[in-house]
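Asker: With chain A fixed as given, assemble chain B onto it according to the hints.
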Amino acid sequence: RKEVEQDPGPFNVPEGATVAFNCTYSNSASQSFFWYRQDCRKEPKLLMSVYSSGNEDGRFTAQLNRASQYISLLIRDSKLSDSATYLCVVNINDKIIFGKGTRLHILP
Amino acid sequence: ETGVTQTPRHLVMGMTNKKSLKCEQHLGHNAMYWYKQSAKKPLELMFVYNFKEQTENNSVPSRFSPECPNSSHLFLHLHTLQPEDSALYLCASSSWGGDNEQFFGPGTRLTVL
Numbered sequence: 139r140k141e142v143e144q145d146p147g148p149f150n151v152p153e154g155a156t157v158a159f160n161c162t163y164s165n166s167a168s169q170s171f172f173w174y175r176q177d178c179r180k181e182p183k184l185l186m187s188v189y190s191s192g193n194e195d196g197r198f199t200a201q202l203n204r205a206s207q208y209i210s211l212l213i214r215d216s217k218l219s220d221s222a223t224y225l226c227v228v229n230i231n232d233k234i235i236f237g238k239g240t241r242l243h244i245l246p
Numbered sequence: 030e031t032g033v034t035q036t037p038r039h040l041v042m043g044m045t046n047k048k049s050l051k052c053e054q055h056l057g058h059n060a061m062y063w064y065k066q067s068a069k070k071p072l073e074l075m076f077v078y079n080f081k082e083q084t085e086n087n088s089v090p091s092r093f094s095p096e097c098p099n100s101s102h103l104f105l106h107l108h109t110l111q112p113e114d115s116a117l118y119l120c121a122s123s124s125w126g127g128d129n130e131q132f133f134g135p136g137t138r139l140t141v142l
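Sequence order for the protein chains is A and B.
Heads up, the first sequence stops at 246 in the working numbering, and the numbers go up one at a time, no gaps.
Heads up, the second sequence stops at 142 in the working numbering, and the numbers go up one at a time, no gaps.
Be aware that one or more of the hints could be misleading.
[Stated by the list, open to error] BS3-like cross-link-like pairs, simulated, lysine-lysine; straight-line CA separation at most 30 Å: (1) A:K233 to B:K69; (2) A:K140 to A:K233; (3) A:K183 to B:K48; (4) B:K48 to A:K140.
Note that these hints are calculated values from the structure, not bench results.
With the rest of the complex left out, here is chain A (with noise of 0.2 Å):
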């Protein structure tokens, strides 16, 4: 099982509707967790880090869910400038693993 996993997608959504998406992590020791963004030929960017007790940020909402292993993401109203790839990131013991990243496509 690969230490951290994400749909590739792409999820095509149209402008204005919710989207969520998961990521699942193999090694229950991990500490903490983030979702990073990165547009196409672009560095990867913190989007925001997830808590425990889960957190919002505007339209976004992160979710950590410890006794299944997953973290998730939720945008809601979803915007055109929303299109990126969504990188899951689990920090294990001070090392920083990246999932693949889920691609979004916002359909005007």
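Answerer: Only chain B this time, still in chain A's reference frame:
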């Protein structure tokens, strides 16, 4: 200049060439990283430096040789590369610790002929 900068942005080299990639961060961070990003593969961590000391080498072939002269600068020296080494090489920096945000440079797009 702010953030993390990388030079060159694009590099084409033959298998017998020797070249170096440069990364500089202006964020006051003490940790720096080299990543490789190939098509259809996740970001692969290559090397980690903390306060100029290498703390991680993820079984990277010796044809890749990192150098970290100080906390602000990181180099990746390349020699006798293979075509499969063609990829985007990203540098990142952060405050030390896995809970801290990593800031990435724009990357060097490397093509090995």
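Asker: Going back to the hint list, which numbers does this structure go against?
Answerer: Number 4 - this is the single hint that the structure violates.
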